[in-house]
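Undergrad: Respectively, the protein sequence lines represent chains A and W.
Be aware that the first sequence starts at 1, since it is given in our numbering, and climbs by one per residue.
Be aware that the second sequence starts at 1, since it is given in our numbering, and climbs by one per residue.
Treat each hint with caution, since some may be false.
Because identical chains cannot be distinguished in the list, a pair is counted as satisfied if it fits within a single copy or across any two copies.
Derived pair list, reagent style EDC-like, types lysine to aspartate or glutamate, alpha-carbon separation capped at 16 angstroms [unchecked claim]:
1) K50 to E181
2) K21 to E80
3) K94 to E80
4) K185 to E146
5) K55 to D13
6) K185 to D147
Hints in this document: simulated from the structure, not taken from any laboratory.
As the structure is a computational prediction, the values presented were derived from the model and not from experiment.
There are 2 protein chains.
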Amino acid sequence: MAEETLTKDSILDAAESVLRKFGLAKTNMSDIGRALGVSHAALYRHFDGKAALRKAVVERWLLGSLAPLEASVREEDAPERRLYRWLQTLRAFKRERARKDPELFAMYAALVAETEGALEEHLQHLMLQLTSIIESGMAVGAFACEDAGQSAMAILMATTRFHHAAHAAEWELPDSDARFEAIWKLVLNGLASRT
Amino acid sequence: MAEETLTKDSILDAAESVLRKFGLAKTNMSDIGRALGVSHAALYRHFDGKAALRKAVVERWLLGSLAPLEASVREEDAPERRLYRWLQTLRAFKRERARKDPELFAMYAALVAETEGALEEHLQHLMLQLTSIIESGMAVGAFACEDAGQSAMAILMATTRFHHAAHAAEWELPDSDARFEAIWKLVLNGLASRT
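One chain only, chain A, in its complex shape:
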């Protein structure tokens, strides 16, 4: 690749392949430069070293789930239905990723776990979307919670089993749907207005 056409995204693609092949411990910037056919220095113009590059790889992976969720945030519908759809979209997105390429999914799960702050930052992004749905439910009197942000955190934590990679092995089990629905019922009831 010519160094002047090198983009962040092409570097991240190459880093993903190299990481997949060699693992985090054995991958260095030279391997990624070699895979792209560019110099060490060209890489450093985009990323300030292995730690920065790795963080960017992880972020791009995690951000991938936000776009499909964004639709549920924007749509016009009853807040309960938007909330349900948002949670199901998150769940389906993760499950589909794990199903499509289990090896890549496992690599990223390990990479995320090893990258300090990555998962917390991702939770913050998810929280923002969720908070916005809950706020609109509060505005129309559908949800009676006091603090939309706190409720968003509680809902994210309560649905851990369906979006945290540590539980991917359960996602294809026959009772996964029933378990999700049981939590959903509890959550919805917990949010509901008492009037």
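Take the given structure of chain A and dock chain W to it, following the hints.
TA: Frame of chain A; chain W shown alone:
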């Protein structure tokens, strides 16, 4: 150890030490017999092979959490408080184990994950206790849920972050308490009678 004084528990103790030292793949019945100074045949009088022994080791570890929980099931108090105490006891028990001997905790976490059905069986035990608390709350009109067993499952799933070993790294974080309380609030509200 004299073969006639060999007990299931002494074998499980020895198996734990050997597993800890060598890991699951490299441990066999002979290693455990050697650690106890007894014959292969003596071990087989108690356990029908490595798989059975390993299952028993895992079960003993998981059952350890049930005894302290049993107290919250039996106590006389408002169902909301018993439920809260049960969840906090489970959480504290797991956290204390992880804190006291992180290496042993990690070994068991891996062992549990690799032992088919072990975690599901453990969930069933927990569910029974939880269901009994919820039923007594339904009986006095404190909880309005329709199906105690389904609510018990939902609550166990919703509190995954605080008792599943995959999340042990978060248990000492400063906001762990706040997150737990946020879920508790949602759960309690979700169960509460609307009258």
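Undergrad: List in ascending order the numbers of the hints, as given earlier, that are violated by the structure.
TA: 1, 2 and 3
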